[in-house]
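1 is the number of the first residue of the sequence shown in the UniProt record's numbering; add one for each residue after it.
For the record, the hints were derived by calculation from the structure and aren't laboratory data.
Possibly wrong hints are sitting among the right ones.
Computed list of lysine-lysine pairs in BS3-like fashion (alpha-carbon distance at most 25 angstroms, straight line) [to be verified]:
no., residue 1, residue 2
1, Lys-231, Lys-163
2, Lys-167, Lys-231
3, Lys-167, Lys-227
The following label-pair restraints were derived from C-beta to C-beta distances [said to hold, decoys possible]:
no., residue 1, residue 2, range
4, Pro-12, Met-93, 38 to 46 angstroms
5, Val-92, Leu-186, 20 to 28 angstroms
6, Arg-14, Asn-59, 26 to 34 angstroms
7, Pro-12, Arg-82, 44 to 52 angstroms
Glycine included, C-beta positions come from ideal geometry on N, C-alpha and C.
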Amino acid sequence: MKPEDNKFADVPLRVKTWIYIIIVFALGISHPLAMKLFVSWISFQCFFEFLRMYQNSSNRVIPSLLVGIMQFFLLYFLPIERYFVYSSVVAVMVLLSFFLLKTSLQQLTGIFIALLVCLFAFPHLSFIRETASGLNAVIFLVVITELNDVFQYLMGKFFGKHKITPKISPNKTLEGFIGGVFLTVLLSNILGFFLLNTCILINTVLGFILGISGFFGDVFMSYLKRKAGIKDTGNLLPGHGGLLDRMDSLIFNAPVFFWMCLLLINN
């Protein structure tokens, strides 16, 4: 069998990396303070990978550290409403500093997107941890989101024939998308029953919306990477690429699930 014919050649490496991801995730969500540190580290690493993706030639570590450290203090000291106000100030400061360094318009656009993702999307993970559903809700969201990726990946490998986004992500298929969302809805009903104590209707709605939203988060990052001319945002996670490659589905899912929690679960 030729290497290109073996559709599952990368599965053992991906599974091994998943073990490390699960361990780090478990430690990261173990305590509210640990969660804030975990989310801030995610933003640091992902902002660094964004700068790499847009080929920013200046020092990438310092602005990434600034984003991560400032986010931790904002998450620790401020309630949600004030967090968004002050994180907007941080975003403007970072953008202004890159503007003064005569960064190109294309790079500034990429940095703006990076700030939206790191300062406004990912922090919702911490906000979810602090809601009434708390730890269980975070576990539900991350397991649903990540396994939705796995389901769509495997369904595409087994049954995929029709390309759904050929110019953006050629490996994604209509069969993988539909099969993945269907399995995600089933998983949502199982996990929702045990973790959220929610009814079948709510669990089905959550699974359906998160399955679709996670897909679009993945496609969104694939579009940015294709525009930047790269395959992966980094090499932190063998078999997966960078952390941003693994977190892409949460870009939309984290905010969407937070607001669905407020509307459907905590009321």
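Status of the hints after comparison with the structure:
1. Lys-231 to Lys-163: 18 angstroms, holds
2. Lys-167 to Lys-231: Holds. Lys-167 to Lys-231 sits at ~14 angstroms (cutoff 25 angstroms).
3. Lys-167 to Lys-227: Holds: Lys-167 and Lys-227 sit about 11 angstroms apart, inside 25 angstroms.
4. Pro-12 to Met-93: 38 to 46 angstroms: 44 angstroms, holds
5. Val-92 to Leu-186: 20 to 28 angstroms: At roughly 44 angstroms between Cβ atoms, Leu-186 and Val-92 fall outside 20 to 28 angstroms, so the hint is violated.
6. Arg-14 to Asn-59: 26 to 34 angstroms: 32 angstroms, holds
7. Pro-12 to Arg-82: 44 to 52 angstroms: Check passed, 46 angstroms falls within 44 to 52 angstroms.
In terms of the numbered hints stated before, the structure departs from hint 5 and from no other.
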